[in-house]
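If you're matching them up, the sequences are chains A and B in order.
As numbered in our numbering, residues 1 to 304 make up the first sequence, in order.
As numbered in our numbering, residues 1001 to 1304 make up the second sequence, in order.
Bear in mind the hints are in silico, worked out from the structure with no lab data behind them.
These numbers come from a predicted model, not from an experiment.
Accuracy of the hints is not assured; some may be wrong.
[To be verified] Stretch by stretch, here's where chain A covers chain B in the computed footprint (C-beta under 8 angstroms, at least three residues): (1) 1176-1190; (2) 1270-1283.
[Claimed, not checked] A short, non-exhaustive set of chain A residues, derived as facing chain B with CB atoms under 8 angstroms: (3) Thr-187; (4) Gln-190; (5) Leu-265; (6) Arg-281.
[Stated by the list, open to error] Away from chain B, derived, C-beta distances all over 10 angstroms, residues of chain A: (7) Ser-8; (8) Asp-64; (9) Gly-216.
Note that CB positions come from ideal geometry on N, CA and C, so glycine has one too.
Protein chains: 2
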Amino acid sequence: MSRAGLPSRVTVVEVGPRDGLQNERALVTRDAKVAFVEALADAGLPVIEMVAFVNPARVPQMADAAGVATAVRQKPGIRYSALVPNLRGLDAARAAGLTEVAIFAAASDTFSLRNINQSVEQSLTQYAEVVAQATGSGLRVRGYLSTSFGCPFEGDVPVTRVVELTERLLAMGVFEVAVSDTIGVATPGQVTDVVSALGARVPVSALALHLHDTRGTALANVYAGLQAGVATIDSAAGGLGGCPFAPGAAGNLATEDLIYMLDGLGIETGVDITKVVAASRLIAGALDHALPSRYLLAAKSAVG
Amino acid sequence: MSRAGLPSRVTVVEVGPRDGLQNERALVTRDAKVAFVEALADAGLPVIEMVAFVNPARVPQMADAAGVATAVRQKPGIRYSALVPNLRGLDAARAAGLTEVAIFAAASDTFSLRNINQSVEQSLTQYAEVVAQATGSGLRVRGYLSTSFGCPFEGDVPVTRVVELTERLLAMGVFEVAVSDTIGVATPGQVTDVVSALGARVPVSALALHLHDTRGTALANVYAGLQAGVATIDSAAGGLGGCPFAPGAAGNLATEDLIYMLDGLGIETGVDITKVVAASRLIAGALDHALPSRYLLAAKSAVG
């Protein structure tokens, strides 16, 4: 039984194959990526962001996106998606047979300019066209709103700006906005504030939290998010995607750590934590460092 | 300003030199330990558990406890303490000039027998004498209640047992009980339940939370504890004290990670996070592995 005031069920969006791997230095083979995605599906993860259709010169790890996306044997009932930065990416995702895509907007201009070489306004103009074409041909589109809790260049990001941009993304036709702590600076009170401010203007059911565990606060932030009614949480198996220049530094919130806490809270996810650990071990074998998930490391020690 | 419903100020009890170091394989020199304790005091930590007066054959890392305790130049206003398992330990602590000690009881018989070779009842009989002698000569005594959220041998530990033992420790004369998640299995709802049950019988101001981050949930558990009114939290600089057989596995909740979250919540601690990082770097140089604190690793990456 889940707790009073918390959602009884949470949808965990697995972003390891995309947000995780694209920050990993070691190039992973297509076969290893496909096996990883299939292991994640086997663990019961209901949504898996598999690849990004981005410029291979800028993100070599995603150069084989089409190959990975088409090679994965899709399980019925699971939503497979891809990040697409523009119409070209959307076409590639469609050609690979995907029915769900994600766009990646930012709440800070400096971050947006450095990340995708467009101001926030420029990117929204382009994304509006991507969303229109995607939804027009029956695809679902998810929106990320990165740097919602702080920008590495600008520092604090006003909550009013996060609310305004979330409303615009939803008005554009995205079904969900993943409010993202891209650099892992958020603390729980901030999550409460941002979700409360958003909840006054948009349905909380249209919000997800995408948190990085850079300073160890991701699970505490999830807990604050759950208390504020958020029922969709992003994570990456093993905590994939740490900073390549800081061995051991944390990346995305680890799926195992998230599932362990949700299980303990009596919140249903449909995810089998031991199979997530198996998927993490599979992909860890293809990388040049150990994965930072606390639960994964504890499970290793239990094994011997 | 701190948040509604949370304490405005939290006392952070630094246990790195004791609970942290005694789980570290590499033997640390007396000078390094003294420098570490002094660096922690310099960071503003208001309570520092420096050493344990235990059997050096069982805990070689603490063999020089008296030497460390007497060599530290104590700063006024800071409480320095030592763990004492028995009257002999108490005498040693007194001889070293300490005015605060801690005893270590367990909520599970199997853990107690394996850890200190006494049942819970036997240990309480002995501790009653330690507390009586200590308080009789003007020392303050803190009590740990280990395995309060689960036992590695018995599994679940009944909340009623935790409440009963906490009441008995307080009745014995300890000023505070550190309700301890010795193996890092707790999740936030459980913390809420245990603290609520305790709060119905004892003042919440007499409770501390001592959490390990083994599965990544420690900060989320702290957040639940703060919401339930707990205002004293244990932590260890760098997250010292991980399992020596699992490189990278987490030990005690890291002081840096805790302070980062408390700072973000606007809760006063008097602790300077950059100086905690400096203390962690100091002690890390004496160990055979990197420390697991997320914040520390992120700070490393920021440095270069």
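- Query: For Gly-216/A, is the shortest beta carbon distance to chain B beyond 10 angstroms?
  - Reply: Its Cβ does come within 10 angstroms of chain B, the nearest being 3 angstroms, so this is violated.
- Message: Take the shortest C-beta to C-beta distance between Arg-281/A and chain B; is it under 8 angstroms?
- Response: Since the shortest Cβ distance to chain B is 14 angstroms, the answer is violated.
- No chain B beta carbon within 10 angstroms of Asp-64/A's: Per Cβ check, Asp-64/A is outside 10 angstroms of chain B; nearest 28 angstroms; holds.
- Message: Three residues or more, CB to CB closer than 8 angstroms: is that satisfied between the stretch 1270-1283 of chain B and chain A?
- Response: violated (count 0)
- Message: So is the stretch 1176-1190 of chain B in contact with chain A by the C-beta rule, three or more residues under 8 angstroms, or is the coverage claim wrong?
- Response: holds (count 6)
- Item | Satisfaction of the Thr-187/A interface hint, Cβ to chain B closer than 8 angstroms | holds (3 angstroms)
- Interface-negative label, Ser-8/A against chain B, beta-carbon threshold 10 angstroms: holds (13 angstroms)
- Message: Is the interface hint satisfied for Leu-265/A? The criterion is a beta-carbon contact with chain B at less than 8 angstroms.
- Response: Since chain B brings a Cβ to about 5 angstroms from Leu-265/A, closer than 8 angstroms, the hint holds.
- Message: A closest beta-carbon separation below 8 angstroms is what the hint needs, so does Gln-190/A meet it against chain B?
- Response: Because about 7 angstroms separates Gln-190/A from the closest Cβ in chain B, which is inside the 8 angstroms limit, the hint holds.
This entry does not satisfy hints 2, 6, 9, going by the numbered hints stated previously.
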